[in-house]
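If you read the sequences in order, they're chains B and Z.
Residue 112 in the working numbering is what sits at position 111 of the first sequence, and the numbering runs on without skipping anything.
Residue 441 in the working numbering is what sits at position 166 of the second sequence, and the numbering runs on without skipping anything.
Derived from the structure by calculation, the hints contain no laboratory data.
Backbone N, C-alpha and C fix where the C-beta goes; we use that ideal spot for every residue, glycine too.
Among the clues, some could well be false.
With a cut-off of at most 30 Å between alpha-carbon atoms, the simulated BS3-like pairs for lysine-lysine come out as follows [claimed, not checked]:
hint	chain 1	residue 1	chain 2	residue 2
1	Z	K352	B	K90
2	Z	K343	B	K160
3	B	K90	Z	K343
4	B	K155	Z	K346
5	B	K160	Z	K414
6	B	K90	Z	K342
7	B	K155	B	K111
8	B	K80	Z	K352
9	Z	K342	Z	K363
10	B	K129	B	K160
11	B	K155	Z	K450
12	Z	K435	B	K90
13	Z	K414	Z	K342
14	B	K90	Z	K393
15	B	K139	B	K111
Over 10 Å on every C-beta distance to chain B, these chain Z residues come out as not near it, computed from the model [unchecked claim]:
hint	residue
16	L335
17	K352
18	A386
19	Q433
Away from chain Z, derived, C-beta distances all over 12 Å, residues of chain B [said to hold, decoys possible]:
hint	residue
20	P117
21	D176
22	P266
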Amino acid sequence: MKKIITLVSLALGIGASVAHAHGVWIAPSSTILSAPQFVTFDAASSSVPFMIDHRPLVIDLLTISAPDGSKVTPVNVMKGELRTVFDAKLEQQGTYRLELLRSGFRASWKDAEDKPKRFMGTAEALAKEVPSDAKDLKVTETDSRMENFVTVGKPTVLKTTGKGLELIAATHPNDLVTGEPVEFTFLVDGKPTEGVEVAIIRSQTRYRNSTEEKTYKTDKNGQLKVTLSEAGMYWLDADFKDNKVSNKVAKERTLAYVVTFEVLPQ
Amino acid sequence: MRKWVPALIPALVAGVFANQAVAGEITVKVTIPQINTAEYHRPYVAIWIEKPDQSVQNNLAVWYSQKKTDKGEQSDKWLKDLRQWWRKSGREQSLPMDGITGATKAVGEHAMTFVEGKAPLANLPAGQYNIAVEAAREKGGREVVRVPFTWPVKKVEQAKASGQQELGNIAIELKP
Numbered sequence: 002m003k004k005i006i007t008l009v010s011l012a013l014g015i016g017a018s019v020a021h022a023h024g025v026w027i028a029p030s031s032t033i034l035s036a037p038q039f040v041t042f043d044a045a046s047s048s049v050p051f052m053i054d055h056r057p058l059v060i061d062l063l064t065i066s067a068p069d070g071s072k073v074t075p076v077n078v079m080k081g082e083l084r085t086v087f088d089a090k091l092e093q094q095g096t097y098r099l100e101l102l103r104s105g106f107r108a109s110w111k112d113a114e115d116k117p118k119r120f121m122g123t124a125e126a127l128a129k130e131v132p133s134d135a136k137d138l139k140v141t142e143t144d145s146r147m148e149n150f151v152t153v154g155k156p157t158v159l160k161t162t163g164k165g166l167e168l169i170a171a172t173h174p175n176d177l178v179t180g181e182p183v184e185f186t187f188l189v190d191g192k193p194t195e196g197v198e199v200a201i202i203r204s205q206t207r208y209r210n211s212t213e214e215k216t217y218k219t220d221k222n223g224q225l226k227v228t229l230s231e232a233g234m235y236w237l238d239a240d241f242k243d244n245k246v247s248n249k250v251a252k253e254r255t256l257a258y259v260v261t262f263e264v265l266p267q
Numbered sequence: 276m277r278k279w280v281p282a283l284i285p286a287l288v289a290g291v292f293a294n295q296a297v298a299g300e301i302t303v304k305v306t307i308p309q310i311n312t313a314e315y316h317r318p319y320v321a322i323w324i325e326k327p328d329q330s331v332q333n334n335l336a337v338w339y340s341q342k343k344t345d346k347g348e349q350s351d352k353w354l355k356d357l358r359q360w361w362r363k364s365g366r367e368q369s370l371p372m373d374g375i376t377g378a379t380k381a382v383g384e385h386a387m388t389f390v391e392g393k394a395p396l397a398n399l400p401a402g403q404y405n406i407a408v409e410a411a412r413e414k415g416g417r418e419v420v421r422v423p424f425t426w427p428v429k430k431v432e433q434a435k436a437s438g439q440q441e442l443g444n445i446a447i448e449l450k451p
């Protein structure tokens, strides 16, 4: 009996992790600067955003783009047990964009002994490692984008790429203050999309009894309106599913978008 | 050229030729309070005229340290701590601003008179405004105080507000 319960909860656990890129975050030491300087970042995956309690984030695929489009190399990279740390020198006026794009295929199935198996990787590796006639085989394509913005001086207008799940904020993410409503538009492959599920959590959850997570869904224009009444660092996660797969091995595509932004008091 | 013409027409219509006596003026008195603390640094202060929608009409004064720190850091590094002014105007400006930026000021009352037609007040359109004063202090706090006024000035008037922490009395005197 105990075994069955374990198996059920494990299966549920897998389901949850597919649906949500939960608890993956990058937190900058500053988001608004009035002079060029170094900024330091923490990056981790954890039980709750901004809580350093689980694993460091692998940042091999991270890019930092300066306002003029040139790339900045992170320095003093330290991968600790619980978090990754890196610094970046921001020398230009305008908005720097940190971007961590991850895509691939996930598979789950049961082997001959009915044990649950999982795979994550490219479509080619999947073809080699996952038996195509496996029991209860489920293959999903995943595509996630994680972003962070830091501005020196005046914010720069942000551009989107038209690929995957992206955000256009009517107020620049480095221009948010308490009490002023913000309008978010979510794009899937460049098109405003209805039904994107969004969760927002303010930092420092340890010092309150509830995470006070707020959830939203985009309307038919791909929009949602939020008024953040408390100052702090916020984590926003957006998720969407469709069947626009790049490889027929998967039937479904899950898209995720994560951004960290700071809201200042008036 | 564009700025010249509108400035000239009302003056000609009124038949007044640069007569200072009829130009409205605002005197702003800002008190930087004495704060007893182990390590006191003079606050950074921004003073501006704010429109009813809280956008900035005119910057009047910005006091900050323009020296480099011991570490060679530019001291405009801390200007963002005047966070409301920074968001609404500071980040748009090229610093230092001529006739507006200056060194930090000592504890006490500092009076400044701004005259119509002269920078930085220039030609203020008729309307409701605030004088906004924001102060931020290293190892200290931050505060904004607003004093409302109506322009143009019809008769001599005074208005006052008071800060709680980083600012003392903010008094304005209006003269037609």
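Results for each hint:
Distance hint between Z:K352 and B:K90 is fulfilled; the C-alpha atoms sit about 14 Å from each other, no more than 30 Å. For the proposed pair Z:K343 and B:K160, the alpha carbon gap of about 35 Å is over 30 Å, so the pair is violated. Of the pairs offered as hints, the one joining B:K90 and Z:K343 holds, with about 19 Å between alpha carbons and a cut-off of 30 Å not exceeded. Between B:K155 and Z:K346 the CA atoms are separated by roughly 25 Å; this keeps the pair inside 30 Å, and the hint holds.
Of the pairs offered as hints, the one joining B:K160 and Z:K414 is violated, with about 38 Å between alpha carbons and a cut-off of 30 Å exceeded. About 22 Å separates the Cα atoms of B:K90 and Z:K342, which keeps this hinted pair within 30 Å; it holds. For the hint pairing B:K155 with B:K111, the CA-to-CA distance comes to about 54 Å; that exceeds 30 Å, so the pair is violated. Between B:K80 and Z:K352 the CA atoms are separated by roughly 29 Å; this keeps the pair inside 30 Å, and the hint holds.
Taken as a hint, the Z:K342 and Z:K363 pair is honoured in the structure, with Cα atoms around 24 Å apart against an allowance of 30 Å. At most 30 Å may separate the alpha-carbon atoms for a hinted pair to count; B:K129 and B:K160 exceed this at roughly 38 Å. Between the alpha carbons of B:K155 and Z:K450 the distance comes to roughly 36 Å, so the proposed pair goes past 30 Å and is violated. Between Z:K435 and B:K90 the CA atoms are separated by roughly 44 Å; this puts the pair beyond 30 Å, and the hint is violated.
Proximity of Z:K414 to Z:K342 is assessed by CA-CA distance (about 18 Å); at most 30 Å being required, the pair is judged to hold. Straight-line distance between C-alpha atoms of B:K90 and Z:K393 comes to about 41 Å, which puts the hinted pair past the 30 Å bound. For a cut-off of 30 Å, the pair hint linking B:K139 to B:K111 stands: about 10 Å separates their Cα positions. The non-interface label for Z:L335 is consistent with chain B: the shortest C-beta to C-beta separation is roughly 19 Å, beyond 10 Å.
Interface exclusion of Z:K352 from chain B breaks down, the closest Cβ pair being 4 Å apart, not more than 10 Å. Residue-level check passed: Z:A386 sits 28 Å from the nearest beta carbon of chain B, beyond 10 Å. Z:Q433, annotated as away from the interface, keeps every beta carbon of chain B farther than 10 Å; the closest lies near 27 Å. At the 12 Å boundary, the C-beta of B:P117 stays outside the reach of chain Z, the nearest C-beta of that chain being 51 Å off.
Its closest Cβ contact with chain Z, about 7 Å, brings B:D176 to no more than 12 Å, contrary to its assignment away from the interface. Non-interface call for B:P266 relative to chain Z: violated, since the shortest CB-CB distance, roughly 8 Å, does not exceed 12 Å.
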